[in-house]
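**Q** Okay, so the sequence shown: first residue is 1 according to full-length UniProt numbering, each after it adds one.
Careful: at least some of the hints might be erroneous.
Said to hold, decoys possible - Pairwise CB distance ranges (calculated): (1) 44 - 69: 30 to 38 angstroms; (2) 66 - 107: 30 to 38 angstroms; (3) 73 - 40: 41 to 49 angstroms; (4) 26 - 80: 24 to 32 angstroms; (5) 108 - 77: 42 to 50 angstroms; (6) 87 - 22: 38 to 46 angstroms; (7) 17 - 45: 18 to 26 angstroms; (8) 67 - 34: 37 to 45 angstroms.
Stated by the list, open to error - DSSO-like cross-link-like pairs, simulated, lysine-lysine; straight-line CA separation at most 30 angstroms: (9) 64 - 95; (10) 11 - 61; (11) 64 - 84; (12) 95 - 33; (13) 34 - 109; (14) 33 - 109; (15) 105 - 34; (16) 14 - 84; (17) 61 - 95; (18) 95 - 84; (19) 64 - 14; (20) 95 - 109; (21) 11 - 34; (22) 64 - 79; (23) 34 - 14; (24) 95 - 79; (25) 33 - 105; (26) 95 - 105; (27) 105 - 61; (28) 95 - 34; (29) 64 - 34; (30) 14 - 79; (31) 79 - 61.
Derived by calculation from the structure, the hints in this document are not laboratory data.
Note that beta-carbon positions come from the ideal geometry of N, C-alpha and C, so glycine has one too.
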Amino acid sequence: MGKIINTQAKKLYKDYSTEVQNYMWAVHSYLQKKFNGINDEWVMSLMMLADNLEMFIQCRKQIKDTGLMITNRFNVLEKNPLIKVQNDAQIQIVKLLNEFALTPKSAEKIKEVEEEDNSPLTQFLNENNKEVR
Numbered sequence: 001m002g003k004i005i006n007t008q009a010k011k012l013y014k015d016y017s018t019e020v021q022n023y024m025w026a027v028h029s030y031l032q033k034k035f036n037g038i039n040d041e042w043v044m045s046l047m048m049l050a051d052n053l054e055m056f057i058q059c060r061k062q063i064k065d066t067g068l069m070i071t072n073r074f075n076v077l078e079k080n081p082l083i084k085v086q087n088d089a090q091i092q093i094v095k096l097l098n099e100f101a102l103t104p105k106s107a108e109k110i111k112e113v114e115e116e117d118n119s120p121l122t123q124f125l126n127e128n129n130k131e132v133r
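Using the sequences and the hints given, assemble the complete structure.
**A** Take a look at the structure:
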């Protein structure tokens with residue numbers, strides 16, 4: 001598999017809002033620095049992140065305009081249905097951010113795993129495992 005280059009990354013997000021484009025460009029820059037590039041197999045997950053960010057932002061703007069409560073066709077006040085859509089998008093965003101270690105908590109977990117891999121206990125177990133084979 002190849003790696004995504006900067007010009008390809010810009011083309012991926014050209015149809016999204018400026019806010020999403022800027023965020024995704026920052027994500028791409030971060031991933032390129034951290035992993036020395038972006039693998040092709042990551043592209044769909046990154047596009048799902050962009051889709052959910054776009055949906056979240058659109059819902060947020062619409063809810064701001066129409067309010068938390070709306071009047072339905074029977075003239076009854078009810079919770080804006082976009083709140084559920086926004087919450088669902090938010091859940092997906094958090095999951096995808098965790099997948100790429102883009103939250104402080106998920107980045108810390110990766111750091112802990114890397115430290116465990118270099119621990120004296122892990123080195124000892126790996127050496128003993130080689131001797132058994």
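**Q** Could you tell me which of the hints above the structure violates, numbers in ascending order?
**A** Of the numbered hints, 6, 29 and 30 do not hold.
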